[in-house]
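**Q** The chain contents come next:
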Amino acid sequence: MATKKASASETESISSASRSTPEPVATKKPAAKSAERVTAVEMGARQREISVSEFFTKNRHLLGFDNPRKALLTCVKEAVDNALDACEEAGILPDVTVRLEVVSNGQPVAASQANRFRVTVTDNGPGIVRQQIPRIFAKLLYGSKFHRLRMSRGQQGIGISAAGMYGQLTTGKPVKIISRIGPKAAAHFFEVQIDTKKNEPLVHENKQIDWEQPRGTQVTLEVEGKYQKGRASVDEWLEQTSIANPHVKLIYHTPEGETKEYARTYHELPPQPREIKPHPYGIEFGMLLKMLQDTKSHTVAGFLESDFCRVSAQIAEDICKAAKVSPDAKPRELKGPVAETLYKTLQETKLMAPPTNCISPIGEKAILSGLYKQIKGEFYTAVSRPPAVYRGNPFIIEAGLAYGNRPQDQNKPQQPTMPKAEGEGEEEDSELARVIRYANRVPLLYQQSACSTFKAVLSTTWKNYGLTQSRGALPGGPMVIFVHMASVWVPFTSESKEAIADYDEIQKEITLALRECGRRLGLFVRRRERAASEFRRRNIFELYIEEVVEACNRLKGGKLPKEKLKAQLQKIASARTGGQKTDHALGKTGAGPEGLPHSIIVTAEGIEGETAVASQVEADQAGTAPRATSDAPGETTPIEKPASKAPVVKARHPEKSPRKAAAKSEQTTLFGGKSGSKMKTAKPGKSTAPRKQK
Amino acid sequence: MATKTKNPTVVEKKLIGLADIVIQAAERSKDPTLQIPIRALSNVSFNEKKGLIEMGSKKQERSFFNVGMAKRFMQTVLVADALSELQRADLTTSLREIYYRTKHTIKDSHENTFDAQDESDPVIEDLEVSLAALREELHVSAENRGSIVGPVVFGDDGDRVDCSKLGKGGYSVPSIVEPEYLEIRRCTADFVLLVEKGTQWNRLSEDKFWRRYNCILLTGNGQPPRGVRRLACRLHEEHRLPVYVLVDNDPWGYYIYSVVKQGSINLAFESERMAIPKAKFVGLSSADPENYELPRNVGIKLNDKDIARAKELLNYQWFKKPAWQAEIKRMLASGLKYELDALANKDFQYLTKKYLPKKLQERDWLD
Ligand SMILES: Nc1ncnc2c1ncn2[C@@H]1O[C@H](COP(=O)(O)OP(=O)(O)O)[C@@H](O)[C@H]1O
Ligand SMILES: [Mg+2]
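As you go down the protein sequences, you meet chains Z and L in turn. Following this note's numbering, the numbering of the first sequence begins with 848 at its first residue and continues without gaps. Following this note's numbering, the numbering of the second sequence begins with 2 at its first residue and continues without gaps.
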């Protein structure tokens, strides 16, 4: 902790200043004097090393532990991020289990009332070697990801140990770890705490145990927290995680005793991101100073060539010349104005953009898979932009959309139609779109309006794509907008990593991605409207034929061959509404969507577009979880769709309203915290179907 | 209710004919289409000889397989069905009840067959004209809106109604006054005075004007409903009573008079039964304010709608007589209209004691 001294004196001086503020208002002079009276000696006496616990307590908001609810989420997040990072780096398709349990002292407490939780996250990753375990979990700022430029979820090596620290401070309980690096190795069990004075691990327990898993890591934290569903909840975060990471199989045991299972619907690991050296444009002056100190090179020219990307020997020479530094000077001796000149020269030298193959996007197919799996809609599309660079940092923007209310499945009970009274009309839909944001595949749940992604969504003219949008607002309609930024270094607005900072290059890429999504949506909406109006025409006739036939039958004294008349009239209706042509417009002929790459369209008759992706989702969702029945009213049966080669989502006419209500309630599950219709829900004791298969 | 037969009535046969149109068209893969006479100025003509507005032969088609007409078509068939039900059960009902009877939610939808009564009323009128059936024959009644008092005796459902013994309230005119429903047993009056407004009718009734002048006082409280018009017509035809019309001096008053006299544009097909071509307009005339020295300050300024309507009237054939052109133009020139009530400015009983006696005596009316 290099900054320990500095931050100690800083925090001290801040607190002494705040102590003296109440006085000066009444008597100006003495107050000024009392401020002057503090001598360097006295200040020196107060300057001391602050402990990591003090550091943590003062900075907990920066680390995501501002309040018990957010703290619970942060603990889950840090552990899951690590699990996924480790699995992916080791080339293992991740299986992650998250278990939240209420910890009560005596009588049982409802999850929503509890203030203490046990968080257990288990992965099938590479495991951690025994010697490293104490330091990883009980030493702040210890990790493998800080000293390199590689796209990963964790960045600062502060994640899991901070969560452990938080648990230790709020409950006094140690962090428990089980880890095993392979079937032939033993599983190790650890209980560790941080020595808050020295920032060093204290090992309470260390033994070999039997563990059913051949490989992986399990972390258990006991923390003060608050469990509340809805916006920015653990549930929401996990669900969003599963959207952007469809290659992960995620099982979540909620503190209320439910089990939600997010199937793996994409069976390829994301390509390994490559590590790169920093690009000169991407570093700050302070960073350059640190690099000058840390380098293994003995000359400035050598340092420039070996520690940066896109700096050749020739360019290194040229830079030294331009900065008036001897190429052979010792890097460690470059200080002050000389270093500053070198920094300026680096920024001004024309250099190639950094290589971009270090970034691993989620990919259009995987985004589609994630969206299709978790959100019920009629139209899905995804766009991955080519790599771009901001301040020397390569990045990729990806965007996606899930739009509309999925036509209701036919085998579901129809809601009875409510007769409408005079003057009763349909209520207007005023639902707004939702934005889900990701940085390096991790959902961002806080500070939406400060985020570059959100701003780009607002500044996109969605009206061009057939949606409603009031000034400066989100577009209207049942829609989820997905935005992902992948980068070796995501520029957050603050340490708490909640919102992506505004850079023109980033804004531009997000906007381009959103526009392409919007363009495709516009095509879809227009196409569907055309079909819908034809459909409505035919539908009108079909509705009225019944009425007319019945009335004619009554007029004829009930002696009419009704079915014959009906069939005759229906034939005329079909001929009058374009017959074949309408079938085509309605997508009944199975022609794929035109001009809509990387999209899925769900119609009443089936799926079009990336059907392979969709049917994989169907198959996985049907296959991995048994049908769980739920007694809770309004909860839908988890798996409604048969897994067949030609997936058919049977549904009634898209026009009809009952499914609108049903689909909407499903859609909101993503955000409302209600158990999602597509999640596997099994309540202990209530479920009649077999529980999860092992 | 006199017509009670086992065999379908003529009207019922006509209604069933609608179903046949649908069935036959379907048989031939044709779009079922109804021919409905147009009920608008464009389809009426004035028969000067008879002094009647007559409906022309222009028809509009109402097809089932036309998005804009499909619902109307379906509604027409539904109403026809309800009307034939009335025939079979030999019941009479109101427009509003027909609306409720035919209103339901269409299967598998949120759509109602009818959303409001103003959708079903015109359909009934459509059927009246296309089947050339009277509303009474369709067994549909309007609300009773009209009063009568004077030396006339009716038989109503076997009850004897002597309209000279009903106090100042009189007898409420039923909406169906065909002989089968209402019998005129005795009538000793000399003429009929049809008054636009209930208030003036009250004044005349209270002052027993009808006794002094041996007349029948009728009112329809505004535009007279069919029952009132038909009753006036019967008194005129069966008892040879002249009919005098007393209305406000404004374009609407003129039009009310013309409907009584020549028939209405909307229901021109009923003119034969309803119109009284010999009816006379006693007032208020645009000449009256001067003749009777009504001060200008009891007049009301004509508004834009009044002026536009008055100009329309000038173009109606049945207002082409020079006297009428002068009458309307005089009103337009003065820029004022007068209510009957304004006569009270002179005296509360001015209408009964001065105005009408003078008018009748001087035969000061327009034809
Ligand atoms: N579940 C795990 N499996 C394997 N390695 C892990 C796991 N959790 C943490 N690690 C290792 O511990 C290091 C520190 O983790 P952490 O404190 O969260 O910091 P960061 O993730 O920012 O590097 C990681 O860089 C990783 O090498
Ligand atoms: Mg981490």
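Keep in mind the hints are simulated off the structure, nothing from the lab. You may find that some hints are simply not true.
Okay, the calculated bits of chain L under chain Z, using three or more residues with CB under 8 angstroms as the criterion [as the list claims (entries may be wrong)]:
{"no.": "1", "region": "12–26"}
{"no.": "2", "region": "66–73"}
{"no.": "3", "region": "108–116"}
{"no.": "4", "region": "304–314"}
No experiment lies behind these values; they were computed from the predicted model shown. Glycine residues also receive a C-beta, built at the ideal position from the N, C-alpha and C atoms.
**Q** Work down the list of hints and note, for each, if the structure agrees.
**A** For each hint, the structure was consulted:
1. 12–26: Answer holds; 6 residues pass the 8 angstroms Cβ test.
2. 66–73: holds (count 4)
3. 108–116: Three-residue rule met by the region 108–116 of chain L, so holds; n is 8.
4. 304–314: Coverage by chain Z is violated here, the residue count being 0 at a Cβ distance below 8 angstroms.
This entry does not satisfy hint 4, going by the numbered hints stated previously; all others are met.
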